[in-house]
Amino acid sequence: MSVLHLVNTSPFETVALIRCLERAGEGDAVLLLENGVYGALSGCGFSAKVAAAAGSLDIVVLEPDLEARGLDRARLLQSLRLVGYSGFVELAVRHPLSLSWT
Amino acid sequence: MPKRFVFVVRQPPYSGARNAEMLDQILAAAAFDLAVDVLFLDDGVWHLQSGQSPQNAGLRRFAPMLQTLELYDVREIAVEAESLEERALAAEKLILPVRCLARIDIPDWIAGHEIAVSCG
Amino acid sequence: MQLDRQGFLADPSSWNEELAERLADTIGIRLTEEHWEIVRFIRDYYRRYEYLPNARLFVKAIQKSLGADKGSSRYLHKLFPGGPLKQVCLVAGLPKPPGCL
Amino acid sequence: MKFVIQINASPREAQAANTGYQFIKAALANGHDILLVFFYYDGVCNAQVPAFAGEDDLSAHWCALARAHALDFVLCVSAAQRRGLASCEGADDRRLAPGFRIGGLGQWVDACLKADRILAFGV
Chain P
0 MSVLHLVNTS PFETVALIRC LERAGEGDAV LLLENGVYGA LSGCGFSAKV
50 AAAAGSLDIV VLEPDLEARG LDRARLLQSL RLVGYSGFVE LAVRHPLSLS
100 WT
Chain R
0 MPKRFVFVVR QPPYSGARNA EMLDQILAAA AFDLAVDVLF LDDGVWHLQS
50 GQSPQNAGLR RFAPMLQTLE LYDVREIAVE AESLEERALA AEKLILPVRC
100 LARIDIPDWI AGHEIAVSCG
Chain V
0 MQLDRQGFLA DPSSWNEELA ERLADTIGIR LTEEHWEIVR FIRDYYRRYE
50 YLPNARLFVK AIQKSLGADK GSSRYLHKLF PGGPLKQVCL VAGLPKPPGC
100 L
Chain F
0 MKFVIQINAS PREAQAANTG YQFIKAALAN GHDILLVFFY YDGVCNAQVP
50 AFAGEDDLSA HWCALARAHA LDFVLCVSAA QRRGLASCEG ADDRRLAPGF
100 RIGGLGQWVD ACLKADRILA FGV
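Protein chains in written order, with numbering that gives the first Met the number 0: chain P, 0 to 101; chain R, 0 to 119; chain V, 0 to 100; chain F, 0 to 122.
Hints listed in this document are in silico derivations from the structure and should not be mistaken for laboratory results. For clarity, every value in this text was computed on a predicted model and none was experimentally measured. Backbone N, C-alpha and C define an ideal beta-carbon position, used for all residues, glycine too. Among the hints, erroneous ones may be present.
[As the list claims (entries may be wrong)] Heads up, simulated SDA-like pairs for lysine to any residue below, C-alpha to C-alpha not over 25 Å straight-line:
1. F/Lys1 - R/Ala110
2. R/Lys2 - P/Arg93
3. F/Lys1 - P/Gly83
[To be verified] Covered stretches of chain P (in silico footprint by chain F; criterion: 3 or more residues with CB under 8 Å from a CB of chain F, positions within the stretch not fixed):
4. 78-87
5. 91-101
[What the hints assert, rightly or not] Per the computed footprint, the stretches of chain R lying under chain V, defined by three or more beta-carbons under 8 Å from a beta-carbon of chain V, are:
6. 12-18
7. 54-65
So that you can see chain P by itself, here it is in the shape it has in the complex:
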């Protein structure tokens, strides 16, 4: 069964994002939400790891949280997709399991 991983802390603050990527399996999804959306930025220390993981994982960013923080799309890694709360629900439907990483 595939897993929807939720990462809600900033990668500048915790290693939750990297720890999550290390344990996510092929076909899993990783949703960056709340302060976790900073993990979608390009050009940062962790960006290469996130970009590499996007090859085998569906890495998704919660758009309302991105907007709340004034980040626009142009600053994000290319391979990530954006969803709203409905898209979040669809992710939960697609993946039977869910784990949170703080």
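Keeping the supplied structure of chain P fixed, place chains R, V and F upon it in accordance with the hints.
Just chains R, V and F, lined up with the frame of chain P:
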């Protein structure tokens, strides 16, 4: 087929009421005679360090409470081998007998459950 | 014998067998050997794990250690009609278990 | 699908409770069922009623949501007792915001067994 639960513990001991509350939740599932596994990852493995004596820090011992996992037939108590290695911990010196899983095998192992719960 | 607002022994370290009889008296129970078996069980459990089980786990733990006859709600309710876990902790001089009303 | 939602964070310490609230609204709008919203850890503080109005108060939003969709909002009794939200003397729900009630982990396990999906907000 009954649902298999996995509880994932990533926070170290002495994280306030959270420790007792995560154990309550794990045991609640075990009390229903369900298949319950627990996975200790990252700083969660510090729960299993032997010789913890928090009394002088004014804290309650949590390690004895954790031993009830065995009493209530929690099916598997698993730890990630890399999490132990990074912290220079040896599986045979932990307070509970554990099953060691390599990091690379964690996703498949988790995928073998119907319900996953993060305990911090 | 000092009790707290909920009738539990205020100073658990002062507990002894004679006090147990008096504590049982406050909830209208006369201790028999069957009661004592459960009281000793929960004291031993608390000494070993430093933590009290919830009602469901309590029954399960007794089942494992004293067998299915005694590890049943019906048997325990007969001994401690006002709620087995709460009353046995009261008699045993232990804290009130969390989650008990 | 049938969802069980667990809310683990106070609305005043983190965004997670609000995220859970937004998720539940979206799930309902998409035709899903919410079997149980279980408030655990500091999440039980979602049932506290602030003493003054004016600030954005999630507990009022929770109440409205519970009423509009007849949802079951359950606080874990021992987590609520630890935080002074439930008394130890009797089932006293009066200090909770309307829509919330005191329950136990047994209800959470029960709901999990009936659910298709379990999601937690705030670790």
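Results of checking the hints against the structure:
no. : hint              : verdict
1   : F/Lys1 - R/Ala110 : holds (20 Å)
2   : R/Lys2 - P/Arg93  : holds (18 Å)
3   : F/Lys1 - P/Gly83  : holds (20 Å)
4   : 78-87             : holds (count 4)
5   : 91-101            : holds (count 7)
6   : 12-18             : violated (count 0)
7   : 54-65             : holds (count 4)
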